[in-house]
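Just so you know, the protein sequences line up as chains L and E, in that order.
Quick note: the first sequence uses this note's numbering, first residue 1, plus one each step.
Quick note: the second sequence uses this note's numbering, first residue 1, plus one each step.
Just so you know, not all the hints are guaranteed correct.
[As the list claims (entries may be wrong)] Computed, partial: chain E to chain L, Cβ under 8 angstroms:
hint, residue
1, Ser67
2, Val96
3, Asn145
4, Ser156
5, Asn158
6, Gly186
7, Gly189
[Said to hold, decoys possible] Chain E regions said to be covered by chain L (calculated; three or more residues, Cβ under 8 angstroms):
hint, region
8, 54-66
9, 81-94
10, 198-210
Don't read these hints as lab results, they were simulated from the structure.
Cβ coordinates follow ideal geometry from the N, Cα and C atoms, glycine included.
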Amino acid sequence: MKRILGTAVLSALLALGTFVPQASAQCVTGTGVDILLKWDANGFSFETGAPYTNYVSPAGNVLTNVLGVTLFCAPLSGLDPNDPAKEYTMVWSNLVSGGTVTTPFGASGSKYSTVYTGGSFALYEGPINARAWTSSTIPAPAIALPGYLDGSVILSGVIDSLTTTVTRSSLGTVNGSFRGKYRVTGGTYANQFCAGNSPDALMDGLWFPVNPPAGYTGHNNGKFDAPDCTTPTQSTTWGRVKTMYR
Amino acid sequence: MKRNAWLLLFAVTVAFATPAQAQGDFLCGYTGFDFVVPQTPQPTIPTPFITTGDEYRAVGHVTSFSSMFTGVVGGGEHTFYLANASVTSQSFVGGVLEVTFAPNARFRIYEDGANNADYGVNPANATSPSTFVDGMLLLGADVSNLVLIYDYNDNSGNFLGNATLDEGAALWVVPPSRRAGWVLGGQAGRPNASIPEGYVNQISGEVQIPSATPAAHKTWGQIKTLYR
Numbered sequence: 001m002k003r004i005l006g007t008a009v010l011s012a013l014l015a016l017g018t019f020v021p022q023a024s025a026q027c028v029t030g031t032g033v034d035i036l037l038k039w040d041a042n043g044f045s046f047e048t049g050a051p052y053t054n055y056v057s058p059a060g061n062v063l064t065n066v067l068g069v070t071l072f073c074a075p076l077s078g079l080d081p082n083d084p085a086k087e088y089t090m091v092w093s094n095l096v097s098g099g100t101v102t103t104p105f106g107a108s109g110s111k112y113s114t115v116y117t118g119g120s121f122a123l124y125e126g127p128i129n130a131r132a133w134t135s136s137t138i139p140a141p142a143i144a145l146p147g148y149l150d151g152s153v154i155l156s157g158v159i160d161s162l163t164t165t166v167t168r169s170s171l172g173t174v175n176g177s178f179r180g181k182y183r184v185t186g187g188t189y190a191n192q193f194c195a196g197n198s199p200d201a202l203m204d205g206l207w208f209p210v211n212p213p214a215g216y217t218g219h220n221n222g223k224f225d226a227p228d229c230t231t232p233t234q235s236t237t238w239g240r241v242k243t244m245y246r
Numbered sequence: 001m002k003r004n005a006w007l008l009l010f011a012v013t014v015a016f017a018t019p020a021q022a023q024g025d026f027l028c029g030y031t032g033f034d035f036v037v038p039q040t041p042q043p044t045i046p047t048p049f050i051t052t053g054d055e056y057r058a059v060g061h062v063t064s065f066s067s068m069f070t071g072v073v074g075g076g077e078h079t080f081y082l083a084n085a086s087v088t089s090q091s092f093v094g095g096v097l098e099v100t101f102a103p104n105a106r107f108r109i110y111e112d113g114a115n116n117a118d119y120g121v122n123p124a125n126a127t128s129p130s131t132f133v134d135g136m137l138l139l140g141a142d143v144s145n146l147v148l149i150y151d152y153n154d155n156s157g158n159f160l161g162n163a164t165l166d167e168g169a170a171l172w173v174v175p176p177s178r179r180a181g182w183v184l185g186g187q188a189g190r191p192n193a194s195i196p197e198g199y200v201n202q203i204s205g206e207v208q209i210p211s212a213t214p215a216a217h218k219t220w221g222q223i224k225t226l227y228r
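Please work from the sequences and hints to get the whole structure.
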């Protein structure tokens, strides 16, 4: 009996496994440019338009990505991603596909690169409904999206560029990554970013397209770096400085 | 009898709570930095950054665990170390680097109360990997079929390998039948201002089972045998 009970409990834990963020995660890397926020395997992308098949996004398709934040760092370190009363979700919208370019590499590998433009993002503080969704439990996009969009927008901006790169290695394994630039333009916390004049900052992470949940093109994990608010300096002469005031 | 009823109720609850297309068991997420031994690049990183005979390593923090470890994972710092990944082949054509590794690389997760993990610069150094491998070994895995791809055209890359959990104080949480089949995956990206000097890429990754939960046809007799 004990054995049956043990098996049942372990099976349940595995089946219902979800995310438990670790408070100890380090934000500071020692270089002066730190992570702003991170999510762990609970980002999910989908496209509207023509069918997305074999890692190929037809030109003109529109990409949406939804995610639940699992780590906040400065200047958002006062926010708790595990807050029992609210959750923090993010939605990327209106990213228009330029079409996927397929290129061979290595002995028999293939690379699928897609550039998306014209997008925006919004970070929401809202009621708890989407945070616990995993690849196993997230409902279809039309049902899931409202769960990520509810609440108030605490940060928003534009995604100036986003490139996803999916690779099929010469061993046949498939994996991917993304890299882009975002810029804060709005939301209640916007003035904490370079006094409201935030420059472009890096966003990147894993873009995993294998066996996605129904209706999605893949899942992802990744991070936004905090914008570098350092005022740029430039060497010059006193003569040139005087000229600026004449 | 009462216990049987509760057990049945529990099993039914679980069965209905999990969608039929259940997939994607999640073990942990992590972030950190990778480096190459002995070709630790100083002062500039060569292109490509890794070649045959090198060892690929990574250190960093575990940023989340599956809830199956709730009550098992303690407080303090949770760090990881990927090592013993020796390059067996390398291809670099058209700006795309593809590297394969020998079997039996090792991925380990540690728990310690010191909160002392320090990347430093130009690893291996006085604090890295030593401050990432102190404390209690929580979970470890053998990693095989590891492949790393980096596209210098997109400044983006990834790595992927098959992981079999086989050691650590928290290994008991995962039933023996579920210890194989995990996929260790990560993204590798540069240039990136947050990368400490001497490290190559900032990485963001996860350990998960991406495929559908395996199912097999069995007779009632075979199922009964499981519980005898």
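Status of the hints after comparison with the structure:
no.: 1; hint: Ser67; in the structure: holds, 5 angstroms
no.: 2; hint: Val96; in the structure: holds, 4 angstroms
no.: 3; hint: Asn145; in the structure: holds, 6 angstroms
no.: 4; hint: Ser156; in the structure: holds, 4 angstroms
no.: 5; hint: Asn158; in the structure: holds, 4 angstroms
no.: 6; hint: Gly186; in the structure: holds, 6 angstroms
no.: 7; hint: Gly189; in the structure: holds, 5 angstroms
no.: 8; hint: 54-66; in the structure: holds (count 6)
no.: 9; hint: 81-94; in the structure: holds (count 3)
no.: 10; hint: 198-210; in the structure: holds (count 6)
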